[in-house]
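The lines below spell out each chain.
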Amino acid sequence: MDNLLQIGNGQVIERSRIPRVDFPSFLGLLTDFVHANGYIVQFFAYPAGEQTRLLAVFRNSNLFVLETEVDEAFPSLTLSGGAKFNLFEREIAEQYGLRPLGHPWLKMVRYHANAAGRPDVFGNDYRIDIPGNYDYFRVEGEAIHEVGVGPVHAGIIEPGHFRFQCAGEEVLHLEIQLGYQHRGVERMLTSVPQHRLPIIAEAIAGDTAIGHNLCCCQAIEALAGLAVAPGASTVRTIALELERIANHIGDLGALSGDVAFNPPAAYFGRIRGEFLNLLLTLCGNRFGKSLIRPGGVAQTMDDEQRQIICAKLKELRKEIVQVCDLLFSAHTVLARFESTGAVSRKIADQLGMVGYCGRASGLEYDVREFFPTERYAELPANTNRVTNGDVYSRAMVRREEIMHSLGLIDRLLALPEAPYSPAPMGQQPLAPASFVVTLNEGWRGEVSHCLLTDDNGGILRYKVKDPSFHNWTGLAMALRNQEISDFPLCNKSFNLSYCGFDL
Amino acid sequence: MFKVISNRLQQGHRTSAYPKAPIQLYSRFRGLPEINPACDPAIVRQCADLCPQDAIVVAEKKIDLGRCTFCGQCAQVADGAFVRFSQNFEMGAARREDLLTAGALPDLAAHAKAHFKKLFGRSLQLRQVSAGGCNACEADTNVLNTPFFDLSRFGIDFVASPRHADGIHVTGPITRNMQTALLDTYAAVPAPKVVIASGCCSISGGPFHGSSEIVGDLNTLIPVDLYIPGCPPHPLTTLHALLAFFKK
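The listed protein sequences derive, respectively, from chains S and H.
Going by my numbering, the first sequence runs without a break in its numbering and finishes at 503.
Going by my numbering, the second sequence runs without a break in its numbering and finishes at 248.
Be a bit skeptical, because a hint or two may be false.
[Said to hold, decoys possible] Pairs of lysine to aspartate or glutamate, DMTMM-like flavour, derived with a Cα cap of 20 Å:
| no. | chain 1 | residue 1 | chain 2 | residue 2 |
| --- | --- | --- | --- | --- |
| 1 | H | Lys3 | S | Asp325 |
| 2 | H | Lys247 | H | Asp225 |
| 3 | H | Lys118 | H | Asp225 |
| 4 | H | Lys3 | S | Glu319 |
| 5 | H | Lys193 | H | Asp225 |
| 6 | H | Lys113 | H | Asp184 |
Simulated from the structure, these hints should not be mistaken for laboratory data.
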């Protein structure tokens, strides 16, 4: 491991300092790393003059970076290192037309032409605008039937296609095909003026507007050498926790609705709105859009907002405890939650699952604790007591995180703050020929942005990773040998992002 | 059962009195802009240069609410000398050109097509189509079904099948990969049908304007009857637009 470079979260380094090894060493090092309890944070291709390079950011309790040069085809790391590389490698094939040789299931990710102008790896004709235009995995047999759902679903949710192979009611295999939400985010981020970056980052996944924009602004701050005042940092931390609580509460309500227990669904639905209104109190937008800008926050938290949030949290905490008790003590609810959609620790580990989905299966990874940004180094970490990997565990982890986050916000509101000024959006010169990766624990888990600048300080490559990228395969595994009627429940317990995945 | 009853009593009645009684949003909420027509053109230019959405037309001293994400950057220039945002959330419009505004919008109720009121005034069923949305528009549309807004009490519902719908409510910048599914859904709705563009993405491409992977403007695909601006529109903006446009 001597030639790995250990880096910090949000630390700028010159690109020339990134260790570059030949491909066999790259493959060997990363394969060994993931087999020794290591995980992939980022793995992507980028153009460097005439060449194409692969860059990997990976973690155990530390963060590392490594890169290599590749030709149009290279031996698959998924083959040697396992499923942790699977989607990353398929993404590389799709984005740059590079073929991982021997990849066990080389399938398109989002359905778009590659940026390098190379022949399409999947043989797709992109004039036909329907993703999913390929052979799905099929189970054959007399009693086998297939169920296709989406892209347009029954509710007010995002589009995606789900293909179930069933024997009677039992799901043998679920294949999830996304890409319908692909807006070309990464390519836009390298080509638009800097003052559009936070606006786009906030729209990568609207329910994670704070998480993604925090990663974006921290990266810009690192590359531009901007400092953030402690007071602004406190507001950012509070906002990230409010986002977490709002989403967890919304999902507990939806889970309750999915098992036809309506009272908590109605109460949590409203309480979620109260938390969105607290974000509006901070910045004028219910999703926290327009709050975070490079250098701090666009609007400061003054005594008035502080008091509103304090008073509201005091009132809501009681209600949350009561409604949680109502939900988690109903035996009809427990009967549906327990043992449904279980993902074992082993599978979760093989897939590299993150966030509450990973923690519910016993993977104790939380960016707030491992690679803290903003005020997290001063705050206590959370622990989860129920880690069986089923719907119940995922619901319990949410419940515990809600209570933990409420405690964090109380502490943050009590911090004495020196005055600070709002940070308006400006055009900042970025360090040339540099690299930075930022990670934050968004409500779904590890959100990460990685920026590479060229010799003039322009953005050469902007790589975005939503935690959903790690977890969608987990949902497919959770459905194995489950009743197909449990799909909505399993799906909501994961509640993954379509647009965050599709970019 | 005891817990269900005690929780029910604790929760009480939470449904908003809007539209019968007005509702005041917090002072930081940015709704309909108030524009100073006498503003120095240099300041207007400064605002326009800062605008990430190119939503400010300098020559006319107007803001295009179909492009604006209401980020509020322009209101910080020269202490709001050109524009300030009011807390008025009633911003729906029946015509695209009305969204290019100097601070006032035509009365939506008066502009609404009379036959829509006649057809859908008592019952309106909508099929929601997310076409590249970031899920903020979708989430704040879903919120209309929570007890505070309780959309069903007005006879308006979101339904699963386009066959059961009177129209579609579209969010997102219409990605290339959703174009066919969107048009198929639209075709499956029986005529006469209504088309609602919700959020700046479906009106102009929003934050993604300029991307080669999106259509951007829904109106170039199918004729839009009602525009609801915002990023995302506040649930009350949507509620007001639906009530003003369809109700008698």
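Hints versus structure:
no. : hint                : result
1   : H:Lys3 - S:Asp325   : 9 Å, holds
2   : H:Lys247 - H:Asp225 : 15 Å, holds
3   : H:Lys118 - H:Asp225 : 15 Å, holds
4   : H:Lys3 - S:Glu319   : 13 Å, holds
5   : H:Lys193 - H:Asp225 : 10 Å, holds
6   : H:Lys113 - H:Asp184 : 25 Å, violated
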